[in-house]
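Enquirer: What follows is the residue order along each chain.
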Amino acid sequence: MDILNGLVTFLNFVFVPGLAYGAQLALGALGVTLVYAILRFSNFAHGDTMAFGTMATILVTWAMQSAGISFGVLPTALLALPFGIAATALFVLATDRVVYRFYRHQKAAPTIMVIVSLGVMFVMNGLTRFIIGVGEQNFSDGGRFLITAGEFKTATGLAEGLAVKTTQALTVVVAVIVVALLFWFLQKTRTGKSMRAFSDNEDLALLSGINPDRVVAVTWVLAAALATIAGVLYGLDKSFKPFTYFQLLLPIFAAAIVGGLGSPIGAIAGGFVIAFSEVTVTYAWKKVVTYLVPDSMAPDTLLQLMSTDYKFAVSFSILILVLLFMPTGLFKGKSV
Amino acid sequence: MKLKAPGARNAALFAAVAVLFIGTGMYQSWNSSLGILNMALISAIMALGLNLQWGFAGLFNTGVMGFVALGGLAAVLTSSTPLPQSWQAGGPRIALALVLGAATIALAVAIYQRLAAGRGRTLALLAVLVGGFMLYRYVLDPAVTAVEAVNAAAYGNIGGLGLPILLAWPVGGLLAACAAWAIGKTALGLRSDYLAIATLGIAEIIVAVLKNEDWLARGVKNVISLPRPVPYEVDLQKSAGFLTWAQNWGFDPVTASSLVVKLAYAGLFGAVLLAVIWLSQTALNSPWGRMMRAIRDNEVSAAAMGKNVTLRHLQVFILGSAVIGMAGAMMTTLDGQLTPGTYQPLRFTFLIWVMVIVGGSGSNWGSVLGGFLIWWLWVMVEPIGLLALQGITAGMADGSWLKVHLINSAAHMRLLTMGVILLLVLRFSPRGLIPEK
Numbered sequence: 000m001d002i003l004n005g006l007v008t009f010l011n012f013v014f015v016p017g018l019a020y021g022a023q024l025a026l027g028a029l030g031v032t033l034v035y036a037i038l039r040f041s042n043f044a045h046g047d048t049m050a051f052g053t054m055a056t057i058l059v060t061w062a063m064q065s066a067g068i069s070f071g072v073l074p075t076a077l078l079a080l081p082f083g084i085a086a087t088a089l090f091v092l093a094t095d096r097v098v099y100r101f102y103r104h105q106k107a108a109p110t111i112m113v114i115v116s117l118g119v120m121f122v123m124n125g126l127t128r129f130i131i132g133v134g135e136q137n138f139s140d141g142g143r144f145l146i147t148a149g150e151f152k153t154a155t156g157l158a159e160g161l162a163v164k165t166t167q168a169l170t171v172v173v174a175v176i177v178v179a180l181l182f183w184f185l186q187k188t189r190t191g192k193s194m195r196a197f198s199d200n201e202d203l204a205l206l207s208g209i210n211p212d213r214v215v216a217v218t219w220v221l222a223a224a225l226a227t228i229a230g231v232l233y234g235l236d237k238s239f240k241p242f243t244y245f246q247l248l249l250p251i252f253a254a255a256i257v258g259g260l261g262s263p264i265g266a267i268a269g270g271f272v273i274a275f276s277e278v279t280v281t282y283a284w285k286k287v288v289t290y291l292v293p294d295s296m297a298p299d300t301l302l303q304l305m306s307t308d309y310k311f312a313v314s315f316s317i318l319i320l321v322l323l324f325m326p327t328g329l330f331k332g333k334s335v
Numbered sequence: 000m001k002l003k004a005p006g007a008r009n010a011a012l013f014a015a016v017a018v019l020f021i022g023t024g025m026y027q028s029w030n031s032s033l034g035i036l037n038m039a040l041i042s043a044i045m046a047l048g049l050n051l052q053w054g055f056a057g058l059f060n061t062g063v064m065g066f067v068a069l070g071g072l073a074a075v076l077t078s079s080t081p082l083p084q085s086w087q088a089g090g091p092r093i094a095l096a097l098v099l100g101a102a103t104i105a106l107a108v109a110i111y112q113r114l115a116a117g118r119g120r121t122l123a124l125l126a127v128l129v130g131g132f133m134l135y136r137y138v139l140d141p142a143v144t145a146v147e148a149v150n151a152a153a154y155g156n157i158g159g160l161g162l163p164i165l166l167a168w169p170v171g172g173l174l175a176a177c178a179a180w181a182i183g184k185t186a187l188g189l190r191s192d193y194l195a196i197a198t199l200g201i202a203e204i205i206v207a208v209l210k211n212e213d214w215l216a217r218g219v220k221n222v223i224s225l226p227r228p229v230p231y232e233v234d235l236q237k238s239a240g241f242l243t244w245a246q247n248w249g250f251d252p253v254t255a256s257s258l259v260v261k262l263a264y265a266g267l268f269g270a271v272l273l274a275v276i277w278l279s280q281t282a283l284n285s286p287w288g289r290m291m292r293a294i295r296d297n298e299v300s301a302a303a304m305g306k307n308v309t310l311r312h313l314q315v316f317i318l319g320s321a322v323i324g325m326a327g328a329m330m331t332t333l334d335g336q337l338t339p340g341t342y343q344p345l346r347f348t349f350l351i352w353v354m355v356i357v358g359g360s361g362s363n364w365g366s367v368l369g370g371f372l373i374w375w376l377w378v379m380v381e382p383i384g385l386l387a388l389q390g391i392t393a394g395m396a397d398g399s400w401l402k403v404h405l406i407n408s409a410a411h412m413r414l415l416t417m418g419v420i421l422l423l424v425l426r427f428s429p430r431g432l433i434p435e436k
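These protein sequence lines map, in sequence, to chains A and B.
Letter by letter, the first sequence follows residues 0 to 335 of numbering that gives the first Met the number 0.
Letter by letter, the second sequence follows residues 0 to 436 of numbering that gives the first Met the number 0.
Keep in mind the hints are simulated off the structure, nothing from the lab.
Backbone N, C-alpha and C define an ideal beta-carbon position, used for all residues, glycine too.
Do not take every clue at face value.
[Said to hold, decoys possible] Where chain A lies over chain B, by a calculated footprint (3+ residues, C-beta under 8 Å):
(1) 253-261
(2) 343-352
(3) 411-417
Next up, chain A with everything else stripped away, as it sits in the complex (with noise of 0.2 Å):
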C-alpha cells in the first residue's frame, strides 16, 4: 500500500489532463450557452469558430516567430490572440450581417437557425481548410513544463512522477481569468444587465430601450473571443487540427446541454462533468489501485472501462442521461 504514489499518479494521469480539457470544454460551452440565451438556436458552426479563431491566431504567431517576437517562457500565441480574437469577431459579424439577421428579422424557427448555421459551419470549415489545410499544426513554444516528472521524483524522492504543461497551467489560469471577467461582465456593466434582461424576456426587454442589434452583436464578439481563447487553449496542449475542432462540438454541446443550456455558470459545470468523466471511464486503473491495495490484491487487468476511443460515448451518454432525467441541465437553462 502506498497512498501517496497512488495520489500522485492519479493527479499526474487523471486530475490534471482533466482539469485544463476541463477549462477548454468550458469555455467553448460558454460561447454556445451565450448564443443559445441571446439568439435562441444551437450553434453547429461553433467547433469550427474555434477553428477559424486557432488558424487566425497561428498565422500571427508565425508572423510573429518570424519577426523575432517571443513572449519568453510563455507560448508566443498568447501574445497572438488578441489578434486572432478581432479577426474572429469581425468574420462572426460579418456572417451575421449576411446571414443571420436576415432570418432573425422573419423571426424565423430555431430549427431553420440550426440549419443555416450548419450552412456556415460548411463555409467556415472549408475556409479553414483552404487558409492552413488539413494537416496538424503545432504551435505551441516557450517552456514545455512547468515541473517534470523527473524534477518531481528528486523533489520528493516519490516513485511516481507528476509533470504538469506548461499549456496546461495556462490553460486553467487563462480560463479563470475570462470567466471572472465575463460573469464581471453580464453582472455589473450595463451591457452586460441589458443582455440578461434581453435573454430572460426579449419583449420586456425591447418595450425597456433596450438595443437588440448592440445586444446580438455583443453576444457575438463575446462567442468569438471565448471560441478563440478555448480553440487556442486546445491547440497549444494538444495540437491543431481542423477535423479534431469539428469533432469537439459534441463533448461542447454535451457540456453546455448538461450544465442547462443558456446559463453560465452551467457551460462550466457542464465541461468539468464531461471532461472528468471521459478522462476517468477511459482511464486504465491498474497503477493507481496497485498502489492502494495490499500487494496480494493487485489487479492482473487493465481496469479500463472503454478505450480511448469510446470517449465520445461517454460524453454522449452523460448527455442523454441528463436529458432523460433532468432536461433543463444541472443548472437551471431555458428552453424555446
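Following the hints, put chain B in place on chain A, whose structure we already have.
Expert: Using the frame of chain A, we list chain B on its own:
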C-alpha cells in the same frame, strides 16, 4: 401507381442535371460520368430516406452517417467469406455477451419503470448496471482476444455468412431499422435541436464501434474484396462472346468492360431508386402521408385529433433509417470494401442534408434532383475549382508561395461551395428547387 408527372419546370431541371452528366461524359470520359452517376443514384436514395424523416415528419436527424455505416456492416456480415475457425474460437461467446448486455439494459429499464422512485430503485439500478457491465466484459473480452488471434494478418474477425451481396441490401435496411428503433425509443421525445445533437453523437459512436471492434469487421484494417453482384472487368475481357460483341460495335474491350460493369451497377441502383421513389410518392399521397404532414405542421392539434404523435414519429424514423441503411449497403457493395476510417459526418450526414434542402424539403422528386445535382457538384467542384484557381493565378509568377498554396488548396473548395450553395438556397429559395406541393 400514381407517379405524378413532374411539371414542365421540374422536367427542365432534371434535363439540366442530365446535361451535366452527359457533358461530363462527352468532355471528360464516360467512365467517370458513370462513376459519378452510380454514387449519385445511391445519394438520391439516402436523400429520399432523410426526406422521409425531415421532409415528411420534421425529425431533425443528423445521424445519417451512422445508418450508412450500419448498412456497410450488414454487407460485410452477410456476404464476406465465412471463417468457421474464427467463429468457433469465440463467436458463440461474443453472441452470448451481446445478449447479456442487451438483457442488462432491458432489466434496468424494467426496474426503472416497475419500481417506485426512491433509494431502493437507485441502488437496484446501479447494482444491475454495474454487475451487468462486469459480466458482459467478463464474457466478451476472452472471446474477442481468441477471435482476433485467428489468422490475424488476413482476418481476425468473425467472418460473414457468404450469402449473395444483393441480399445484404435488405439486411442493411433491417439492421438500420433495428438501430433506429432503439435510438428512437430513447431520443425521439427530445426537442428538435437536442435530437440533432443526440443523433450526431450516436452516429459518431456507431462509427467508433466499427473502427475499434476488430472482431466485428476488422476495424480500420478494412474488410476487402466483398463479392460483387455484377461480373468482373477481367472476366469480361476474357470472355469470347464479350470480345466479339465489343469488336462488332467498335469498342476497345478494356474501356467497354468497365463501362458495362458500371452500367450494370447503375441498372441495379436505378431499379432500387425507382422502387423507393414509387413507395415514397405513394406514402406521401396516402392518408398516412397526410397525417404525417399534419403532425409535422402542428403536433398539438394532431395529438388533439387523436393521432399518436410519438408512435408515428418512431415509425417514420425507422422507415427513413431503413432506406438510408439500404443505401449504405449498396455503397459498400459498389466500393467492394468496408472502410470505417472514411466515414465523416460532413460527407455522409451534412452533405445529404444539403441535397434534401437544395432539392426541396418534403418533396421526393426534389430529394432525387438534389442527390444528383449536389453529388455531381461535390465531385466536379475540385477540378472546376482547380481550373478557376489556375485562371486566377495565371498572372502570378511561377513558384510564388501564394500561387502554389492556392493551387494546392483547390481540393478544399468543395466544403466552401456546399456551404455557399446551402446558404443561398435557404435565403433565396427556402423551399428548394422542387417545392413541396
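Enquirer: All the hints need checking, so say for each whether the structure fits it.
Expert: Taking the hints in turn, this is what the structure says about them:
no.	hint	result
1	253-261	violated (count 0)
2	343-352	holds (count 5)
3	411-417	holds (count 7)
The structure is inconsistent with hint 1 alone, although it conforms to all the rest.
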